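Starting from the known structure of chain B, arrange chain Z on it as the hints suggest.
As you go down the protein sequences, you meet chains B and Z in turn. Under our numbering, read the first sequence as residues 1 to 186, first letter to last. Under our numbering, read the second sequence as residues 1001 to 1186, first letter to last.
By construction, these hints were calculated from the structure, which means they are not laboratory data. Fair warning: this is a prediction, and the values are worked out from it, not measured in the lab. There's no promise every hint is true.
[What the hints assert, rightly or not] Distance ranges between label pairs, derived from CB positions:
#1 Z:Pro1042 with B:Ser96: 39 to 47 Å
#2 B:Gln77 with Z:Gly1080: 35 to 43 Å
#3 B:Ser29 with Z:Glu1031: 44 to 52 Å
#4 Z:Pro1082 with B:Glu158: 53 to 61 Å
#5 Z:Lys1071 with B:Arg183: 50 to 58 Å
#6 B:Arg183 with Z:Arg1183: 55 to 63 Å
#7 Z:Gly1080 with B:Val58: 45 to 53 Å
We put the CB at the ideal spot given by N, CA and C, even for glycine.
Each chain, letter by letter, is given below.
Number of protein chains: 2
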Amino acid sequence: MHSNGLFHFSGGSHGKWKVLRMQTVTGASLEMVERLDVIAGPLEGSPPGSRWLLRGIVSNERYITRVERAKLEAIQQCVGRPEATCAALIPIRKNSTWWSLAQDERRTIFEERSHHIEIGSKYLPPVARRLHHSRDLGEPFDFLTWFEYAPTCSQKFEELVSELRKTEEWKFIDREIDIRLIRDDA
Amino acid sequence: MHSNGLFHFSGGSHGKWKVLRMQTVTGASLEMVERLDVIAGPLEGSPPGSRWLLRGIVSNERYITRVERAKLEAIQQCVGRPEATCAALIPIRKNSTWWSLAQDERRTIFEERSHHIEIGSKYLPPVARRLHHSRDLGEPFDFLTWFEYAPTCSQKFEELVSELRKTEEWKFIDREIDIRLIRDDA
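Bound conformation, chain B alone (with noise of 0.2 Å):
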């Protein structure tokens, strides 16, 4: 079943997750909170401590060409490395103008005009990256997407971040969160 896919991230008072910042970039804020769980699976209610809990799934790709992807598949690292102890959830809405453009528009603006594929693989090795689409599950958000990096990353991670801001894509986000993290397993 494709519903594997499915996570869950809970902002509250448990998680592995200490949350070290929350800045609203644009857009409604989400409340601030201690800690985040990230949970795999479909969920029954809500988790204990609970302040706020988004969802999204694992999903096929929307833009991404064969060529692309094999060139992102040699460089991309998976989630969970040992010394990957920094982490970000930077939830981002797009709005109705984005939604109602046709298929080869947005890609157009995506990679030919913002070159987010070509920016993200400059900074993949070092950083790992996991996209949940949120948007048909009737979601706050449109995209939840988890970074996961070593410390010693820390500086290149603001710099694709940053660079991806500066796009003509984000014109189109009228909501974004970016919520950093550390492991805390304690």
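Relative to chain B, chain Z alone:
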């Protein structure tokens, strides 16, 4: 909220659409029922008399270009026309090979080689169509397509369905049920 594009299709003893026949085209069958109810929006619990319940959401388009959409918009009809007393609900699922293809590969099969949009365009003026996405909702089918047409267009509709089933795209379909209905408000 995007969730207002959500629809439930309940098969059972209730609903204004009377089932004329249910044909299992490919894969596992679905229990034969007498009636179908189409319910817009979120749903708490199961509708009365429901034997199965399928969910799908009207989402952004995944393959169509600006030019193709302009052509479609010029000719397509809305659902709910009084004369359209015939309907079909065709749930389909595509196999893992399809979903592992990159966007450009799926687009090429979908339109350049299978002419899905072009075939649809030939029949659209008398046949109204609404596509619901289900895969990311963890549903048993990937898509639920709803068609409405007048009884005089029944033969045309058979041709549309038959032509699509001969395409390369259809080789990736591993489950398909064809449910034919007639409006019966009594």
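For each hint, the structure was consulted:
1. Z:Pro1042 with B:Ser96: 39 to 47 Å: 20 Å, violated
2. B:Gln77 with Z:Gly1080: 35 to 43 Å: 50 Å, violated
3. B:Ser29 with Z:Glu1031: 44 to 52 Å: 47 Å, holds
4. Z:Pro1082 with B:Glu158: 53 to 61 Å: 60 Å, holds
5. Z:Lys1071 with B:Arg183: 50 to 58 Å: For Lys1071 (chain Z) and Arg183 (chain B) the Cβ distance comes to about 52 Å; the hint holds.
6. B:Arg183 with Z:Arg1183: 55 to 63 Å: Cβ of Arg183 (chain B) to Cβ of Arg1183 (chain Z): about 58 Å, so the range 55 to 63 Å holds.
7. Z:Gly1080 with B:Val58: 45 to 53 Å: Given about 36 Å between the Cβ atoms, the range is violated.
When each numbered hint is compared with the structure, violations occur for hints 1, 2 and 7.
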